[in-house]
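Student: In case you want the letters, here they are:
Number of protein chains: 2
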Amino acid sequence: MNTADLGLPVDVPSTALFTDQYELTMLQAALRAGTAERRSVFEVFTRRLPNGRRYGVVAGTGRVLDAVENFRFDEGVLGFLRERGIVGEETLDWLAGYRFSGDIWGYPEGEVYFPGSPILRVEGSFAECVLLETVVLSILNHDSAIAAAASRMSSAAGDRPLIEMGARRTHELSAVAAARAAYVGGFASTSDLAAGFRYGIPTVGTSAHAFTLLHDRERDAFRAQVDSMGRGTTLLVDTYDVTEAVRTAVEVAGPELGAVRIDSGDLLLVAHRVRQQLDELGAVNTKIIVTSDLDEYAIASLAAAPVDAYGVGTQLVTGSGYPTASMVYKLVARAESADPAAPLVPVAKKSSGGKVSVGGRKWAARRLDEYGVAEAEVIGTGPVPRELADRQLLVQLVKGGHVVAREPLDVPRRRHAAARAGLPLSATQLSRGEPVIPTEYLHGEAGS
Amino acid sequence: MNTADLGLPVDVPSTALFTDQYELTMLQAALRAGTAERRSVFEVFTRRLPNGRRYGVVAGTGRVLDAVENFRFDEGVLGFLRERGIVGEETLDWLAGYRFSGDIWGYPEGEVYFPGSPILRVEGSFAECVLLETVVLSILNHDSAIAAAASRMSSAAGDRPLIEMGARRTHELSAVAAARAAYVGGFASTSDLAAGFRYGIPTVGTSAHAFTLLHDRERDAFRAQVDSMGRGTTLLVDTYDVTEAVRTAVEVAGPELGAVRIDSGDLLLVAHRVRQQLDELGAVNTKIIVTSDLDEYAIASLAAAPVDAYGVGTQLVTGSGYPTASMVYKLVARAESADPAAPLVPVAKKSSGGKVSVGGRKWAARRLDEYGVAEAEVIGTGPVPRELADRQLLVQLVKGGHVVAREPLDVPRRRHAAARAGLPLSATQLSRGEPVIPTEYLHGEAGS
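If you're matching them up, the sequences are chains A and B in order.
For the first sequence, position 201 matches number 200 in numbering that gives the first Met the number 0, and the numbering has no gaps at all.
For the second sequence, position 434 matches number 433 in numbering that gives the first Met the number 0, and the numbering has no gaps at all.
Extracted from the complex, chain A is given alone in its bound form:
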């Protein structure tokens, strides 16, 4: 399957231009030096979680697989590189035949992660792996940041559904990926039609103030909406006066009115008043949807309010303060040649300024306590201890260039809920703190 077959809005003939120029010039230099084919291992990890966060959420893995499959240098791309003189003919010839033929392992999408977790491991020749750096990081950094915010919000919302409404606050295609990541993180639906089209996420909609203002009276607007959408629709009740609007809404739609939306004011107070008014009017099943710059803290503060659903925009698509996940893509081991028998040598940048990396091809496992609750993220480069063998986190995603782990989006969504439920209870505290479980390095290979 090629992403180009999937149509809008990711209908790009190739992902190969989502690449920083230095990846191509490093390739060219390595080709000339005879080092390009050295067997190499790159890993994606983050040195730290955003300040105070207890866990991270892996998201975007499915999009990474699409991007890798679709990473081709067609004539248009090659012509651009030639015209700009970015690399020479020999390198262009090599790129024309490019297909990733290596292996990729990774934390499955929806899994939680911690500082140092080897979220993705890309193995192959240096040449074929180095080219994927930018596109892999773009996807994982963006999508994981959104999923982490979504997870905190869905945890704060409990059983009440969350609607993703942030498309207008971010780049039009980020919005589509954000809706996808939000769904993985526990959101129920999105207002973004492109996300519905592309990923099959349930879409929903209410009404805007403009619709009320278009009409001569609020009553006319409500009548028009109910005539068109039926009594089950959601009427926006805060264009003029909320109390009057709620009365009008129930008069127009009857007590079968589906829901009302409140988009401004002190939501806690207004929700209580509106609930009481709806009940008094006999609209006991009419739901209340609140929107208006909600984040996980605002959602939590409304836990005791008579609210049935939350619409979240800005704070979701901007990662609730942390719009990127600060993951890096680092060479951690390489051999002296392409020979599969040549030993892998761990490599790592020496620190100058705190940017320590741990060399070596890694495994990871989550150790549980006697009650089955996670107690440590264990990362190592040697053999996996027997007691952790069935707790390993990395799964094979690509084998010899072929994607082997595609899955429908409901799978990572359920996986995330299960992974979060397996963490200590303090994982879902919203207050700032340390990662909820420590990262332990087995054999202490730091810098080896």
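What the hints contain is simulated information worked out from the structure, not anything from laboratory work.
Nothing false has been slipped in among the hints.
List of simulated lysine to any residue pairs, SDA-like, C-alpha gap at most 25 Å:
(1) Lys-286/A / Lys-349/B
(2) Lys-286/A / Arg-83/B
(3) Lys-349/B / Val-241/A
(4) Lys-349/B / Thr-290/A
(5) Lys-349/B / Glu-335/B
Position chain B against the provided structure of chain A, taking the given hints into account.
Tutor: Just chain B now, with coordinates in the frame of chain A:
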């Protein structure tokens, strides 16, 4: 010109799915109610600048024009809407013939803006205008946020060039738009090949730690890079020991070495040491490029350091703390019918929670003081005072559905530099403060 003709990476057959579902259901309700054709005016504005910022930067206008031209409901899109039951057949028929046929006026791209500035004004029938809300806001909110950060950074950098390197920290297509907005805001180049391909922005690249680690010795890596790229290349000198790396770099490339890059450590200190060492080695023309989580404050703090260029990633593509510009798209006036002679009635949501909007179709002008420096953003709904007639800010972008103001990207880039230079000097102070000029409403139409 259609964006689809422009190829990668915005090759999507239509932008019509970058739409929130409620726009379509409002359309359907208005069609049935007979109000869909009412002549309407929508405006894009922001109620406030990000906390402490002195001015905003309009960016994305050119992309908005592409999106509006490309906003079509083809069979694939219509089939999706039908299958999901989002709107009925009558509405689908209307959408099949959709072409925006109205007028769009706006602040030209690169111009600065302030709270309340009518950055874009979209005029036509309610039906044709309401559909554009999400895609217009997505583009302007994202691109303007990035351009504002870029402008602060370019102001802090003075004459030293800035390189955009943030692709890996944001969604792969946001990255392309971010490179474009950064260029408008004063950046000189980008590392993102897709941005070079799509918008003709100059691209540059250096080398990564992985390239050094791939080789048996740092010297081998430097030799390979110089053999491939020539002596004018930029060598990365902080993989192991900076002093030794600089010595090796000059030994390998000679004093003609183009530049060295430093990506970690105390950049101020390291830059001074490296400059001294390069000079002692006779490499007096070798430049120093610094990277490593720079923002406008870090750039300003390096003003006295011997640095020749800055590479900026994360903080640029995340808007340096403000990843979205919080612009809204509001109905501000509408007539009782489609008749061009029917008077426009100003409309606005009544406040409940501070979300005040000012009704009426607006003009804007920047009043200058006796020295030609901006002193107020004047916004009004009545006739334009004679003394402000030639200081008006809105220009026509679309006329009767046709784009009339396309321009190459260097034009908004120069326009921004000129607009910023026309503000009071305190505009470019990095410290927090109020908008550098006040917004004045003429005729005091608030809420009228």
